[in-house]
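As they're listed, the protein sequences go chains H and A. In terms of this note's numbering, the first sequence opens at residue 1 and continues consecutively. In terms of this note's numbering, the second sequence opens at residue 1001 and continues consecutively.
Don't take every hint at face value.
Said to hold, decoys possible - Cβ pair distances, simulated, as ranges:
hint : chain 1 : residue 1 : chain 2 : residue 2 : range
1    : A       : SER1215   : H       : ALA213    : 17 to 27 Å
2    : H       : GLN154    : A       : ASN1118   : 35 to 45 Å
3    : A       : MET1001   : H       : ALA212    : 35 to 45 Å
4    : H       : GLY88     : A       : MET1001   : 52 to 62 Å
5    : A       : ALA1229   : H       : GLY58     : 42 to 52 Å
Honestly, the hints are just simulated from the structure, not real lab data. C-beta atoms are modelled at their ideal positions from N, C-alpha and C, and glycine is treated no differently.
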Amino acid sequence: MTQAPVIRLSGVAIKKGSFTLLADAEFGPGIHLLTGRVGSGKTTLGEILSGIAEPDDGNVQWNGGRRVMLLQDASYHISTMTVKEEAGSWHGDVERTIQTAGLAGKEHKDLLSLSRGEVRRLELAAILTGQFDLIVLDEPCAGLDEEARAWVRQLINSHAHEIIIIISHDLMSLPHIDQLWEMDNGVLNLLGTVPGCLRSWKRAPSLIRYLAAMGIYPDGLSREELEEAVCRIPG
Amino acid sequence: MIEVSSARAGTLSPLSLTIHPGILAITGPNGAGKTTFLRLLSGILQPTCGSIKIDGKDPAECTIGWVGEYPDRNVLFTRVYDELASPLRFTRVSCTKTDQKVRRFAKDLGITCLLDRNMQGLSGGELILVAFAAACIAVPDILILDETDSHLDELFCDHIEDFIRRSGIRYVIFSTHRPERMAVADEMIRLEKGKIAEQISFNDPSGPPQPDSLSAPGFWRKVMRELKAGGDG
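With the rest of the complex left out, here is chain A (with noise of 0.2 Å):
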């Protein structure tokens, strides 16, 4: 579990609350305070006042993974096989063990061409990817992502997704302005002006029934389940 208690920072008013183990998906307009949060819950930022523990613990003794919308800005090496396997020779893990990670890792997300390319070069998309393996690759406590939807197709989305559910990563946070992609979450919270304005859980079968709508996104989880259903995508 992890508990926010009045936590307050830059233009965030004091949050309290439990985010469960799971996904959960962070919405909110322009300004509202989205990546500041994100900031908070990785140790990036300290709370001015309040306190954050992740299952007991600190933000900042814990490891994160994180990706932001452009991750040109954060790449350490040249070649993509070393970007990923950066954060594996950081942590002295056995050079056969990494090289079976890497190829591994590269093969579940479909970028093993990608391997030995170089990092300068890659489309914004496969961008993302690379730095969605090197952030998952160590499977760290927490694993954000900061809008990385912008460049990614829906086939790569809907991928990716279920990577994380088998990644193992006990919590996944991510902020997206996209109803379709708020549907894979377990739970929503929608920031306004620095305040929780909503926060909801999906798999609670009794909470409040969803039209049909493409702003919603109990909507976009039907869509989902009946096309998965129907032997499609």
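Chain H on its own, in the form it takes in the complex (with noise of 0.2 Å):
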């Protein structure tokens, strides 16, 4: 039995100009969401998580394993000329990325020829497939239309076992989340485990507030949590 993988931020600090970043954490497996303010330091959190960013002060320390993989909102991620080359570029069990990617009989299709949408899925199907310990997705539905949001979801929920870091703005096509982290200001926080700590989130996004305000609280953060909250609403 390998040991369930935990990632410990402790007194992390990073200073850019006039802007300091603290967190005191631990992260262990399940899905995460961190949102927060634009500026507010959520990308260098994931970059400090991911091993790119070093901390100035603090450390940062790892139970279990440690294979790590970063998403980050660039608009294309490609190395290669076709599916299956690029499928390939990741190392992993390239025909089970295709499949997953639901890009089968595409094998050789040029990357470019494919739409966002695609090219996102086998990015996300490579990372997802490829026994990552810790992996931060940074606004992984950028871009990409309901039905490619609705699959990403449901990929990102199959894997509940690794620790797996949303960072995103938008709030309304998320997968099942765990937790729910904060960054204000630089600083790190724990909001609490969904849904409990729906009740006190101060910065909840606008819907959570109008259902709030009738007494209705979801039954988490997921896309169909709230689409079964809003069915709730009197009238």
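Make the complex out of the two chains shown on their own, each in a separate frame, by following the hints.
Now the structure itself:
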């Protein structure tokens, strides 16, 4: 039995000009959502967690595994010509990656002829089938249409044994979320476990505030749970 | 009025429609032709047949503000202040006036603290805000926002919408996948496979009733209205 992976940030600090990021936290297996305003330091925290950025102070400790992957939101992250080559460039199970991405039959297609949703699906499939212990997804749904978002949700939902950290402003198309975190002016706070913490979420999105005014609280933050809560609106 | 008559380009079928002054949202699946349509309206792309007239003028004769999803590709200057000032400097507005306007815009958008920063090193959301301010500052005839909402939090989206309403820009056209963002528009067009699948005016009270659903822009209009009435947001 391998130990369940845990990543611990102790007294982590990083300074960028007048901005300081501070984080004391422990992330275990499950799906974590990291929210916060523009410029609050979410992406920087993602970079520290995935080892791209070194903290100026404090340390990042690992228990268990330590294979890490970060998906940042660039328009394209491609390095090869065809679907098959690109899937292979991730050094995972090529066939499984292509299957998971729903691109079977398109193995020899030029990557640039795929839609943006298809390219993102290939990336996510490679990341999520790649047996990483920590996966940081920075705005995984940016630029994707409704159908592609539903696909991303489904894929992430089936991966709760790793540590998955989703950084997003789009709180209306999320998969199942276990823990809610917020960056507030550079300081990382754990708001709690979903759905319990939804009742005391000060910066909740408009839908949650609207529902709360009617005494309705969703059972979670996934798209499906929000839709179910909307069905409880009287009238 | 923007009159699009049988305009055709790329994968778009010939499109004919009228766009009224105000805010227009364009939505539709990836690959439906949203960006191509925006490029046509901005005059970046010439229709292979048909025509587009903006208040009687050719798009190429109009001033256009454009913010894309990844504005770091279009950044011209190193310092945020200079990026914001550039559209005014290019049209020979005096230094004093330019300075006043840059500072007022930055204050209204809540980005004064960014003015002395380098464009490089801004977060994704901050970059969008600066690009947005630079696109608006010279009050273009048309402002086009191509999926800029991906990097902005809800508060900033709401803030930008108030800002647009007060900006005096005659036509604002934005593309988005999110129904909660479409709700701020006056009109909405849904493109599918290069064709107009739906065109709705939200200000028309005789329009079809909208169900309580996360996919219905009408539901989001209700959410916003009631939160505002309740003194929230």
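Comparing the hints with the structure gives:
In this structure the supplied range 17 to 27 Å holds for SER1215 (chain A) paired with ALA213 (chain H), their Cβ-Cβ distance being about 22 Å. The supplied range of 35 to 45 Å is met by GLN154 (chain H) and ASN1118 (chain A), whose beta-carbon atoms lie about 40 Å from each other. Evaluation of the 35 to 45 Å hint for MET1001 (chain A) and ALA212 (chain H) yields a pass: the beta carbon distance comes to about 43 Å. GLY88 (chain H) and MET1001 (chain A) have their C-beta atoms about 53 Å apart, which keeps the hinted 52 to 62 Å range intact.
Take ALA1229 (chain A) and GLY58 (chain H): their Cβ atoms lie about 46 Å apart, and the range 42 to 52 Å holds.
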